[in-house]
Structures are given as C-alpha cells and as structure tokens.
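Residue numbers (the working numbering), protein chains in the order written: chain A, 1 to 151; chain B, 1 to 660; chain C, 1 to 176.
Keep in mind the hints are simulated off the structure, nothing from the lab. Backbone N, C-alpha and C define an ideal beta-carbon position, used for all residues, glycine too. No false leads were slipped in.
Taking beta-carbon pairs under 8 Å as the criterion, some of the chain C residues facing chain A (in silico):
hint	residue
1	Val-31
2	Pro-32
3	Gly-127
4	Leu-131
5	Asp-132
6	Gly-134
Not everything, but these chain C residues come out facing chain A in the computed CB check (under 10 Å):
hint	residue
7	Lys-29
8	Ser-33
9	Pro-34
10	Leu-35
11	Lys-38
12	Pro-41
13	Lys-101
14	Asp-126
15	Arg-128
16	Tyr-133
17	Val-135
18	Tyr-136
19	Gly-137
Restraint ranges, calculated between C-beta atoms of paired labels, are given here:
hint	chain 1	residue 1	chain 2	residue 2	range
20	A	Glu-32	B	Leu-142	53 to 63 Å
21	C	Gly-15	A	Lys-38	31 to 41 Å
22	B	Gly-564	A	Val-100	48 to 58 Å
23	B	Pro-604	A	Glu-32	22 to 32 Å
24	B	Trp-81	A	Gln-75	50 to 60 Å
25	A	Val-100	B	Trp-446	30 to 40 Å
26	C	Lys-38	B	Gly-528	49 to 59 Å
27	C	Gly-75	A	Lys-38	24 to 34 Å
28	A	Ile-125	C	Lys-38	51 to 61 Å
29	B	Val-301	C	Gly-115	34 to 44 Å
30	C	Gly-75	B	Pro-549	27 to 37 Å
31	B	Pro-604	C	Pro-94	41 to 51 Å
32	B	Val-301	C	Gly-75	19 to 29 Å
33	A	Met-105	C	Ser-91	37 to 47 Å
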Amino acid sequence: MIKKISLTVLMVFLVSNLSFAEEAPLLAKDPELEERVKAISVELRCLVCQNQTIADSNAGLAIDLKNQVRDMLRQGMNEHQIKDFMVERYGDFVLYDPPVKGTTMVLWIGPLLMLILAFWMAVRIVRRRSRGIDLPQSSEDAARARELLKD
Amino acid sequence: MTPEIGHFAIILALCVAIAQAFFSLVGATRGYVNWMAVSRPSAYVLFFLTAFGFCCLVVSFLTNDFSVLNVASNSNSQLPWPYRLAASWGSHEGSLLLWVLMLSGWMAAVARFSKEVPKDMLSLILGVMAIVAIGFYSFLLLTSNPFDRLLPPAMDGRDLNPLLQDPGMVIHPPMLYMGYVGFSVVFAFAIAALISGRLDTTWARWSRPWTTIAWAFLTVGVALGSWWAYYELGWGGWWFWDPVENASFMPWLCGTALMHSLLVTEKRGSFKVWTVLLAIITFSLSLLGTFLVRSGVLTSVHAFATDPERGVFILGFLVFVVGSSLLLFAWRAPKVGLGGRFSLVSRESALLANNVLLVVAAASVLLGTLYPLFLDALGLGKISVGPPYFDAVFVPIMVPAMFLMGIGPIARWKKSSVPELAVKLKWAFAIAVISALLMPFAMGDWSILVSFGLLMATWIALAGLVNLWTRLKQMSSGEGRTLLGSFLAIPNAYYGMLFAHWGVAVFIVGVTLVNGYEVEKDVKMSLGNTVTIGEYTIRLDALKDLKGPNYTGVEGSMAILVDGKEVDRMFPQKRMYNVQQMPMTEAAIDTGFTRDLYISLGEPLNDGSWVVRVYLKPFVDWIWGGAFLMALGGVLAVSDRRYRRASQDEENRGEKTASS
Amino acid sequence: MTATGFLFPFFIFFGITVFLWKGLSLNPKEVPSPLIGKAAPEFTLPILNEFDARLSNSDMEGKVWLLNVFASWCGPCLVEHPILVNFAKTSDIPILGFNYKDKPQAAVQWLNRHGDPYERVVLDIDGRVGLDYGVYGVPETFLIDGRGIIRYKKIGPLTQADVSEDILPLIQELRQ
Numbered sequence: 001m002i003k004k005i006s007l008t009v010l011m012v013f014l015v016s017n018l019s020f021a022e023e024a025p026l027l028a029k030d031p032e033l034e035e036r037v038k039a040i041s042v043e044l045r046c047l048v049c050q051n052q053t054i055a056d057s058n059a060g061l062a063i064d065l066k067n068q069v070r071d072m073l074r075q076g077m078n079e080h081q082i083k084d085f086m087v088e089r090y091g092d093f094v095l096y097d098p099p100v101k102g103t104t105m106v107l108w109i110g111p112l113l114m115l116i117l118a119f120w121m122a123v124r125i126v127r128r129r130s131r132g133i134d135l136p137q138s139s140e141d142a143a144r145a146r147e148l149l150k151d
Numbered sequence: 001m002t003p004e005i006g007h008f009a010i011i012l013a014l015c016v017a018i019a020q021a022f023f024s025l026v027g028a029t030r031g032y033v034n035w036m037a038v039s040r041p042s043a044y045v046l047f048f049l050t051a052f053g054f055c056c057l058v059v060s061f062l063t064n065d066f067s068v069l070n071v072a073s074n075s076n077s078q079l080p081w082p083y084r085l086a087a088s089w090g091s092h093e094g095s096l097l098l099w100v101l102m103l104s105g106w107m108a109a110v111a112r113f114s115k116e117v118p119k120d121m122l123s124l125i126l127g128v129m130a131i132v133a134i135g136f137y138s139f140l141l142l143t144s145n146p147f148d149r150l151l152p153p154a155m156d157g158r159d160l161n162p163l164l165q166d167p168g169m170v171i172h173p174p175m176l177y178m179g180y181v182g183f184s185v186v187f188a189f190a191i192a193a194l195i196s197g198r199l200d201t202t203w204a205r206w207s208r209p210w211t212t213i214a215w216a217f218l219t220v221g222v223a224l225g226s227w228w229a230y231y232e233l234g235w236g237g238w239w240f241w242d243p244v245e246n247a248s249f250m251p252w253l254c255g256t257a258l259m260h261s262l263l264v265t266e267k268r269g270s271f272k273v274w275t276v277l278l279a280i281i282t283f284s285l286s287l288l289g290t291f292l293v294r295s296g297v298l299t300s301v302h303a304f305a306t307d308p309e310r311g312v313f314i315l316g317f318l319v320f321v322v323g324s325s326l327l328l329f330a331w332r333a334p335k336v337g338l339g340g341r342f343s344l345v346s347r348e349s350a351l352l353a354n355n356v357l358l359v360v361a362a363a364s365v366l367l368g369t370l371y372p373l374f375l376d377a378l379g380l381g382k383i384s385v386g387p388p389y390f391d392a393v394f395v396p397i398m399v400p401a402m403f404l405m406g407i408g409p410i411a412r413w414k415k416s417s418v419p420e421l422a423v424k425l426k427w428a429f430a431i432a433v434i435s436a437l438l439m440p441f442a443m444g445d446w447s448i449l450v451s452f453g454l455l456m457a458t459w460i461a462l463a464g465l466v467n468l469w470t471r472l473k474q475m476s477s478g479e480g481r482t483l484l485g486s487f488l489a490i491p492n493a494y495y496g497m498l499f500a501h502w503g504v505a506v507f508i509v510g511v512t513l514v515n516g517y518e519v520e521k522d523v524k525m526s527l528g529n530t531v532t533i534g535e536y537t538i539r540l541d542a543l544k545d546l547k548g549p550n551y552t553g554v555e556g557s558m559a560i561l562v563d564g565k566e567v568d569r570m571f572p573q574k575r576m577y578n579v580q581q582m583p584m585t586e587a588a589i590d591t592g593f594t595r596d597l598y599i600s601l602g603e604p605l606n607d608g609s610w611v612v613r614v615y616l617k618p619f620v621d622w623i624w625g626g627a628f629l630m631a632l633g634g635v636l637a638v639s640d641r642r643y644r645r646a647s648q649d650e651e652n653r654g655e656k657t658a659s660s
Numbered sequence: 001m002t003a004t005g006f007l008f009p010f011f012i013f014f015g016i017t018v019f020l021w022k023g024l025s026l027n028p029k030e031v032p033s034p035l036i037g038k039a040a041p042e043f044t045l046p047i048l049n050e051f052d053a054r055l056s057n058s059d060m061e062g063k064v065w066l067l068n069v070f071a072s073w074c075g076p077c078l079v080e081h082p083i084l085v086n087f088a089k090t091s092d093i094p095i096l097g098f099n100y101k102d103k104p105q106a107a108v109q110w111l112n113r114h115g116d117p118y119e120r121v122v123l124d125i126d127g128r129v130g131l132d133y134g135v136y137g138v139p140e141t142f143l144i145d146g147r148g149i150i151r152y153k154k155i156g157p158l159t160q161a162d163v164s165e166d167i168l169p170l171i172q173e174l175r176q
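Excised from the complex, chain A in its bound form (with noise of 0.2 Å):
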C-alpha cells in the first residue's frame, strides 16, 4: 500500500517536471534591446578578424565589444554616439559603413561623378554619330554581311 503511495507520488514528482512541449526560453533577456545591438553590430568591424562584423564573429574582442555596445545602449546611449565612442578608441577603421568627411569624398561622391560622367560621354559621342554620315562598310564586311543573313 506504502510502496503504491510513493510510486504513485514519484511519478506525480517527475511528470510535473517534465518539461515537454514547454516553449523554449529566448536566449536574449530583452530580444527589444538585442535586436538594437545586432543592428549596430552589424556594422561594427571586428579587429581581429579576418574581415567580420562582431556581430558575427566569436572572437573574444567581438564578444567583448558586442557587451559594451548592450551596456552603452542600457545606459540610454544612442547610435551616433556608441560609434564615436568606438571610434575614440579604435579609429575609423572599426566602421563599415565610411564616416563622410574630407579623405572619403571621393568614395561616396565617386560613383555618382562617374555615372554623370559616363552617360555625358556616351550620349555626347551617339549625337556626333548621328549628325556624321552612314560610313560605308568595307566589301569584306558587306560580303560577309551578306552570308550571315542567308542563315
């Protein structure tokens, strides 16, 4: 009768611990607070590595950083002022995103210069075209013209 108690109080013990179908804990305390963290990390560049962000690296610096940017952003820093802060003590180097001052004109104003550029030559040179004559192609290349459109 005893053993039929205690069996029955054993089982009742372990069921309840059972941790089925229990929805797993996220590993972030405040999810709100990492997805902030990712986003910056994402553009934080890990030193140590061979060109990774920390927010993908395993490197102890990454992990150490990643902490320090949760930390500042706890105490109610913003963005801007998180990356000055990486940048106080590491340099420009340690972002991925370019800062726009006087030595990266050239890099953000490049493409666009290149683009106006290009289309002003391109267009330039087809008028020119346009206005010359039809230049007559050689009889080599009309001879051959002629076999390829027999295809």
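We have chain A; now place chains B and C onto it with these hints.
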C-alpha cells in the same frame, strides 16, 4: 616519383607555351604558314601535359602521400576522398595548378572549335593566350610549386580547413575558374583584332559564344560561393561585399556588359572600339582578382596565405599584360572604323545605357574595394568599406538597368520611339505596379522597399512575356505557323535572353522577400522544449553523440510540427574536427520552393541546454535559382543552331578548298 | 575621341598599379591608434600581488613611462619579453605591466618564470580598460609622457629596432 613526374610535365608545358607564343605570334605577323601551323597542335599538347601534371597532384592527395608538402599541409588520412580531391585545389599552389589547367583547357577548346576563324587570326589568338599561360606557368614553377617535397615526410597531414570540407566548396572553385579564365579567350580575340586590324561583325560573331560560356560558368561559380557561405557559415548571410567576393563580381558585371556590347557589334557593327576595350577590362579584372586574393594587400576570410614575393610577381605580370594591352589599344583603336549610327531612342541606346550602368557599377565596387588601400598608401589613415557602402551605391545604379531590361528587347534597332514602346508595354507596366503594391500584403507587413523590388521583378518578367507573345503572334499569324511551331521556330538565342532576364527577375524576388520578411530566433533549448517560428513548431527530441570520419560532435533531432502534426525531422550538428580542433556548426536546412527553414546549433550551456538559432527565410533559394536560370540562359544562347550551322558550313567550305 | 583620349584607360590602370605596388608593403590589418597625441584614458585598477591596493594613471603623472599590455596566454608576449627585461635594466623609465584578460595567478607564475621588468603590474581582468586604450591584440606597448599624453603605440611584439629607433629617441625628446 609521381610528384616529380607531375612537376616535369608542368615544366614541359611551360616550354610548349613559350614555343607556342613565339611561333604563333611571329608566324601570324610575318605570314609564315609553317610557324602558324604550330599553334593548334601545341594547344592540345599543352592541355595534355597540364592535365597529366594535375592528375599527378591529385594522385598524391588521394594516396595520402605526406612527403609532398602541399598534401601534408592541406589533407589528412581521415579526410574523406572527395575532400582529398578538393584539397588539391584548396591551397594557393594547388589552385594555381587548377588555373593553368583551365587555361590550357580553354586554349585546346579554341583550337578545336574555331574552324571558321582564319589561320592567322587563330594563331594570334592562341599566341596571346600562350603569353598569359607563360606568366602563370612561370609563376607556379618559380614561386608556388605544388609538387615541393617535405622531407622527412609528415606522419599525417594538417587536414583541410573544415570550412572547406563541403560539396559546395568542391565545385565552386572549378566553376569560378572556368569563368575567370574563360574571359582570356575573348581577351585574346580582342588583342588579335587590334593587332591584325580586323575588327568587324564577324569578329564579334566568333567572340560572342566564348564570352557567353565563360560568363555562364562565372555566374554559377559566384552563385555557388554565395550559397556555400549561406549554409556553411551558420549565420544565414549570403553576400558580404568581401574583397574576394568583389574580385569575382567585378569581372561578372563587366562580362555581362561585354555580352551585350558584343551583341550590338555583331548585329549592327557598332560599339567596336568600346567592345574591344571592355574585353580587355573584363579579363584585366580577372587578373586583378587573382592579385588581390593572393598578395595580402586586402584582408579577407577567403584570401590565401600570402607572400610579398608572390604579390610582386603577379603585379609585374598584371602590369605587363594589361599595360601592353591598353597601350596597344591606344595605338590601334583610333584606326578602327565606326559602325552604324542610331538614334537616342533605340535598342542600341538601351544597350549602351546598360553597358554604362554595369561598368560604372563595377567601377564603384572597385573604388570601394581599393579605397582603404588608397588612403593607407597616401598616409591618410585607415578606414573600412563594407556592406553599408556597397549596398548604398550598388543598388541605385542597378535600378535603371533593371528598368531597361524590360525595354531593351522590345525597342527596335536603329530607331525606336517612346510612344511606340509605351504602347507595347503599358499593360505590363500597369500590372507590374498593381501586383507590386498588393503582393507584400500576402507576405506580411507592407514596405516600400519590398514593393519596389517586386515592381522591378514583375516588370522584367512581364515585359519578357509581352516580348515573347509579340514574337509568337508574329510568327504564327504573320508567317502562318501553329503556336507550337512558332515556339520551336524561335531560335535558342532568344530563349537564352528570355531565361537570363527572367533569372534576374527571380533573383530580385529572392533578395527582396528574404530581406523583407526573414525571421530569426535565438533560444535556449533543453530536451522537449519547442520554439515557434512562422507556421512551424520545432521541438528538440534528442541529442546524440556523433562520430564522423575526421570529426566528433553532437547531433540534435528536431521534430518539425505544423498544427501539431509532425511533418519533418531535421538534424543540426555541432562538430569538432579532430586535427585542426576547429568547432563547426552544420546547420540543418529544409530547402523549399517558397522558404528555407534553417536550424543551427550554437554553444552548449552549463545546464545541459543548447543555444539554438532558427531562421525562416522566405524565397531565399530564388536568389540562387535566379542565378542558375541566368546561367541556363547563357547555355541556351550558345546552343543556338546558327553557331552549329555556321561552323558546319565553314567545315564544308574548308573541305572543298582543301581538296581543290 | 582624340588620340590621347584613347590613352585614358592606360593612365587609370597605371595609377591603380602604383597604389597596388605601395600596398604590398603595407599591412592591411594594422590599426593605427587614434589616441596618439591625446590624453591617456583614466583608469584605477588593482595591483598584482598587492592586496587591496589600487593604481591609477594619475599616479604616474610627471613621469615618462611605458605601458606594456601582456598576458600569460599570449605567445608573442614571450618573444618581446627579454627586450623589456633588458630595457628595465638599462633605463630608468618605469614600465607598467598591464595584465589583460588574464588570471592573476597565471600572471604571477609567468613573471616568475620569465622575468619581471615591471615596476608594478595592474590587472584588467575583464578587458574594459583595455578597450578604452584601443587594445585589440596582445602585446601592445604605449609610451606616455609627463603630462599623461600618449606619444607612441606599438602593436605587436617589441623589437630591438623599435626600442633603439623609436622609443629611446622619443624619450630623449620628451626629456628636453
């Protein structure tokens, strides 16, 4: 003995390349027929010798010959044999051997499949390729010999980097190199055209298929690299604008522009000077890529172990090949005649705009990749240029190109008009706008970026359909064919274009939807725990110890439930590779047409639970599916019967002249 | 296009190669310190082997001193250590040891085995102060002047050349 025989084969190959270059080039410029006759057979001999040498290295790997330094550094007796094979090109030295194998392969192909090219042109072409070959073979033999011995031999090897022990990595380098190196063919055609002065529509017709095949291979190579990064690295990303990724992407962008430019030169005789320059630029970017990856000038996860001596050699070679090509261009290009003229609204203009956009995009990627080096060299400090820059710059440049993809194929040659185009495309545009506005609601929240991306994709797809429909109608009613007959009568080249463009649309859908709607959850899982993502509930049922050929680890058994019913089971693994003691996470991915379910094991925690990361990535496989469609388009275009028929005609004509 | 216009691509290419050439002698992974010329960041840290005591950088004011970041788990630190030991013997410039993310016991054993050139050793167990100094790898060495301004930073193990060509001349300069 095998490594020594292989080594000797490569030395012989270099001698053959030197002879080939000398006799082909001098013979072609002086008109010595006997000398020119050397070029084709020597291409076959070169390939045979190189393949033989390559096999010797592979044999050393497969037989675990640890007296070969390369094998000892990159392989291991526990390594499964497919990866031992891949390890033969996993190192700098081995990959160079792969490079020259591909180069000699392309040279043999050019020798074999160029019956319609006049002997002197062919000599020039093979001679130029032989010069490139001389550079690479000497580089290999002088600074990067894969056959070096390690004496006394190692007991066992240091194993292949676990990141590379993967099927994706086995085919990715060969595909990539087929593409990179393949552009040397059109480069050689361009140089030959400049030297001989024979730059015309026929030249373009010869060059085009070679360019297209190389481009198709490169497309597959780049796509495989991206897909590999996605499933192997465990964080679900697929493109990082890493310098080595950029090194393969820039030739791809210029190669795409080159294909379109060659199209115009072949059909209309225009853009000749530009096409030749672009051919030189595209291959130069291939060579630059080779330099960047192996010189240590830029930091990348992909970079090979570096050595300043090697960097100097490649740079010297780069300066010689590209410098002399560009000087030749400056000298000979002004003499090239102009082609047909065209108006500002025409297919030529659309293709010209396409070229401008693609080349400026490539130049921007180059600017971003090299900028940190520029500043550092000038002593102006050190910066990093990463995805925020490239995304901000690349996407806006590509948007007009995507828009033009709908217009170009429909615009008429020489002279078209905006009203005419508008009439043809108005329904495609309207439907595209409406569906782009509505589709995001089916996926979740509406966002302007998602909507715009979908607009571009549906625009390209629908414009293609309109184009096809118009053509079918023209062929069936205009020329009296049945619908099926019309389908079959349309040349493969046209379907190639259609598929390639649809491939781009599919790609854009993949990128847009995955960026807009992917979900990620990081959780702590103990046995029996569940995590819900999207419509799926994932339950950790078991964890078992794992033993592989050269690793140990843990494997989780995850049940996938929808509405309480088990629909699948997935097995993510965490491995520790024995030799290099490197932990690797093998994500379990359920690939689907409309989404990927991605589970990766992180770290075990003290209480016996595990950190698990799950992703739901909608339509992510459309990214690589789109790329493969593009490559398929390329293959279709090359299989067009006019190439086969033309070469058949030339063969017949050749036989006639030979017998007369 | 004029004849010279056709030379344009060549000139652009040539320009790029000049930079690539220069790039071969640069190290893309070296991160120069933005702190040079700026005040050394404040810290107050526990001292090795001195229970309850604290050292702060203001204690070093008025002196020219070296801050050497090291750890017992760091291989290259062992390579540079003899040079530091030698320097301590031949110079009166104090060297402050900065034990970075290490276990104090391990550091003690390491110093006992390989020599102790340090006047004092401070412990930065969680690496927070190191972060303030822009430390990203060990070893690193800073030269700080009497007013607390960082004048020089060496990333990586010190060589004899660094000492004789950079550090000693700079110390001479600062003393004047």
